[in-house]
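Each chain, letter by letter, is given below.
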Amino acid sequence: MKAPGSAQDRLWFKDAIIYELHVRAFFDSNGDGIGDFQGLTQRLDYLQDFGVTCLWLLPFFPSPLRDDGYDISDYLNVHPDYGTLDDFRAFLDAAHQRNMQVMIELVINHTSDQHPWFQRARLAPAGSVERDFYVWSDTDKKYQQARIIFTDTEKSNWTWDPIANAYYWHRFFSHQPDVNYDNPLVLEEVQKAMRYWLDMGVDGLRLDAIPYLVEREGTNCENLAETHAIVKQLRRGMDEHHANRMILAEANQWPTDVRAYFGEGDECHMAFHFPLMPRMFMALRLEDRLPVTDIIAQTPAIPESCQWGLFLRNHDELTLEMVSDEERDYMYLAYSTDPRMRVNVGIRRRLAPLMDNNRRRIELLNSLLFSFPGTPILYYGDEIGMGDNIYLGDRNGVRTPMQWNGDRNAGFSRATPAKLFNPVIMDPVYGYATINVEAQESDPSSLLSWMRNMIALRKIFRVFGRGSIEFLNPENKKILAYLRRMENEEILCVANLSRFPQPVALDLAKFEGMKPIEMMGYVEFPPIGSQPYALSLGAYDFLWFELHKPTNSVRTLAT
Amino acid sequence: MPETESLPQQVKEQIESIGRADVVIGLPSFRTREDLSWASADGFVGLNVLIAYPSSGEVLEAGAFPSEHLVRYPISAPERYLSGPTGVYGTFQEILQIGQRVESKACCVWNSNPQGASMEIIEQMLRPVLDQGFDLVFPIYKEAKLGALVNSSIICPMTRALYGKQIHFPMAIDLGFSSSLVDRLLETDPRTRQPRSAQWIATEAICTGLPVCQVGLPMDTPRPPDSTDLSSILTIILGRLFADLERNTSYWQRSSGSELVPTFGTPGIREDDAIAPAELQRMIETFQLGYRNLAEIWGVALTPATLVGLKRLTNLAVSQFRMADDLWVRVVYDFALAHRQRAINREHLLRAMTPLYLAWVASYALEMKDASITDFQNRLERLALAYESQKPYLLSRWRWPDRFNP
Chain G
89 MKAPGSAQDR LWFKDAIIYE LHVRAFFDSN GDGIGDFQGL TQRLDYLQDF
139 GVTCLWLLPF FPSPLRDDGY DISDYLNVHP DYGTLDDFRA FLDAAHQRNM
189 QVMIELVINH TSDQHPWFQR ARLAPAGSVE RDFYVWSDTD KKYQQARIIF
239 TDTEKSNWTW DPIANAYYWH RFFSHQPDVN YDNPLVLEEV QKAMRYWLDM
289 GVDGLRLDAI PYLVEREGTN CENLAETHAI VKQLRRGMDE HHANRMILAE
339 ANQWPTDVRA YFGEGDECHM AFHFPLMPRM FMALRLEDRL PVTDIIAQTP
389 AIPESCQWGL FLRNHDELTL EMVSDEERDY MYLAYSTDPR MRVNVGIRRR
439 LAPLMDNNRR RIELLNSLLF SFPGTPILYY GDEIGMGDNI YLGDRNGVRT
489 PMQWNGDRNA GFSRATPAKL FNPVIMDPVY GYATINVEAQ ESDPSSLLSW
539 MRNMIALRKI FRVFGRGSIE FLNPENKKIL AYLRRMENEE ILCVANLSRF
589 PQPVALDLAK FEGMKPIEMM GYVEFPPIGS QPYALSLGAY DFLWFELHKP
639 TNSVRTLAT
Chain E
34 MPETESLPQQ VKEQIESIGR ADVVIGLPSF RTREDLSWAS ADGFVGLNVL
84 IAYPSSGEVL EAGAFPSEHL VRYPISAPER YLSGPTGVYG TFQEILQIGQ
134 RVESKACCVW NSNPQGASME IIEQMLRPVL DQGFDLVFPI YKEAKLGALV
184 NSSIICPMTR ALYGKQIHFP MAIDLGFSSS LVDRLLETDP RTRQPRSAQW
234 IATEAICTGL PVCQVGLPMD TPRPPDSTDL SSILTIILGR LFADLERNTS
284 YWQRSSGSEL VPTFGTPGIR EDDAIAPAEL QRMIETFQLG YRNLAEIWGV
334 ALTPATLVGL KRLTNLAVSQ FRMADDLWVR VVYDFALAHR QRAINREHLL
384 RAMTPLYLAW VASYALEMKD ASITDFQNRL ERLALAYESQ KPYLLSRWRW
434 PDRFNP
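As given, the protein sequences belong to chains G and E, one line each in that order. For the first sequence, the numbering used here assigns the number 89 to the initial residue and increments by one for each residue that follows. For the second sequence, the numbering used here assigns the number 34 to the initial residue and increments by one for each residue that follows.
Hints may contain errors.
Derived DSS-like pairs: lysine-lysine, alpha-carbon spacing no greater than 25 Å straight-line [to be verified]:
1) G/Lys230 with G/Lys280
2) G/Lys243 with G/Lys90
3) G/Lys637 with E/Lys198
4) G/Lys547 with E/Lys198
5) G/Lys603 with E/Lys175
It is worth saying that the hints were derived from the structure and are not from the lab.
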């Protein structure tokens, strides 16, 4: 019998609002300057009230923390900084009691070089099973077509290990050796780890760096058929023993390549839509809908049981790998004037600073996030417009403590400020004295209140998570207009990407006679006629309409 | 069988020995054998009937009804008014469990005084299930100008406006169920982690799209015990009604208009006495006192325009005391919104509505003093339409909560 998940609907992830957070950065319950599971559990009411339905936890496993936990040294435990396994179980139960699902990371491409598997491998004789847990070579010239991902820190995908007297393969940092899926024992161990957490009740797994699992000479070592075979085996293993769970693929690839990770509904349930994200920013800055409509047009259909994961910002840089060289140049110039804002192939900034803290721009981008086809994924702190710290190394500038109130350490921790794992944001615009949850909870006009309302509104209409999308093609290119449709639900979304008011005439002839009802205020607009439907939108304005058929209600009581 | 099944082993064994029954009649309010004097094995021709009664009453012996088809079950919660299928407490869950165990086709839970029932009435309640495929049957009790005003001024028109179904008594305590609805009600709702039967059954059925109907019965509306005060009744009923709005947001926010549910039989009419002038005076004074003393709570729930409307009312003489439907509907909707926003303790909030309800009753009673039956039916229809026409107001404030309201 399959172990049930906390969700009743097997497609729960289609209607979810996912909230990404790092346990370390959320709330510190014991005053050691580092967030922990007990702290997170204490803040679940906030998250429930905010309206999110699924929590995605960044890696919380034992790790030397040289890559914020993505360098795992033990898959089956909790990093002592964050608490114990019992703390995790208590958190999981508490989240489920609040009807929230929980997704964790399954980093299966690589481990930390401190993982016992690697320590054992480097000492084991060449060709032994233990040695073959990783990818070794006597030369660093193999797989030359594979690109280097962390261009700022790594010069090669091979690093010499003096103990093993061989090079080992790593697609990311040199302290993160890639495991070797040509060794069947590796998959066996990974499946054990997967089952361990699923048996505990975890609802979803984010598969990190999924395109790089297998290497083959003469290829770029990405998206290989052998990699898909591994993913299929993981999925089969999950489906065999567990019901209503989900796998989310991190594959920073073009839509056609990502499409393969859905398989025929037998690989991942969800995958991030990486190329869409920078194009939303680009469309906004260019005041032109083309980048968005173009990438959606290039996005292939996916199986009915699958879903795109949409996001504006996350714990990484605003990645620019999936744009053309010219587009990348534009994005750097548009959104990272200070070189310190750049890292690897991207921009390490949070949403609010990217928008120059302009509330209307923040709202507009979120309106797109909430109304495009897919499941929205929010990054902790962006709901209150938190800022970043570009003077911190790597991507730590967007991983600072959550700003709960105006007290010491932003209410995140009682520790002396010097003990915090990262300093809190203190600048006059985004600092915790100005930007914090407590202040915004008591302000009905705050960004937090706005976000909460938007989430509640989106949850009313399943069409947002499950319906189709069809772009309209008005003459004014600064207007992005699209229809979301499912069964008898029809939603019209219109967004003005410009900083000035814009007119638009929409061809809605096929909806003639229907009544558009503006969704937030339930305001009835004039019925749609045979002529183009004229609207005017203020700067960065957006409108969502329910399209209602004329009703013939019965108004007679029984006699 | 559901995880939450509460039947003791002894009852399960008895049911097993009975095997199957086509119809189960449950009587949670049973006390003495006189309560079942009407039971007869001849009812429901050709169908096998089982009667379930609680162990809090007398033990029944073989009489007109064969003892092997009587099941005495212990109840899991104290019985009280509104404890039945309105879903506030689960005293009838055992009946549904019995119905499920004997694989009954239909199940009637009769929460009213059993002496008011008869095999004919029960059969009326269950025929739509047995013969026409309905899943839930509501009774229509005899209508009276001044009877069941909580129902006719709030529950009935609000259910109609929000859920689109014209049901006279959506929170009736006597109901007929199909087997498929019984199965559903015994499941656990993942959203509340309670059996669905612990929720308001009308909306459970409507939101699931199950066919519902109503049956005119020759009996008065069940009355609460004299010891039950109005504030408590309002708190329980409105609490249920408002909590359900949160549970079913995606249904009622997307439905528009309303339709009459299939209705069988003719609802009766009951003449009632007018409210005494002194009583009316007392109601209005309670409202006026409320306006002075509850301003803080009302200020949290009600918009400035509504408060001004109420202030105007406080200055009216008894003879001119009239509360407009739109004002009353906004009061109800505003309280529903405040309940959702948890701005203050929910029980305090709901209790603060009592003087406002009394104001509406006084206004309505004065208006209906000399009205005919047709007049009062038309009057309530106008009120129901006001609830429907004001629904966008509720929707807009629900979707975009803001203190800055008109």
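Consistency of the hints with the structure:
The straight-line distance between the Cα atoms of G/Lys230 and G/Lys280 is roughly 31 Å, outside the 25 Å bound, and the hint therefore fails. Of the pairs offered as hints, the one joining G/Lys243 and G/Lys90 is violated, with about 46 Å between alpha carbons and a cut-off of 25 Å exceeded. Between G/Lys637 and E/Lys198 the alpha-carbon distance is near 19 Å, which keeps this suggested pair within the 25 Å criterion. Distance hint between G/Lys547 and E/Lys198 is fulfilled; the C-alpha atoms sit about 23 Å from each other, no more than 25 Å.
The straight-line distance between the Cα atoms of G/Lys603 and E/Lys175 is roughly 40 Å, outside the 25 Å bound, and the hint therefore fails.
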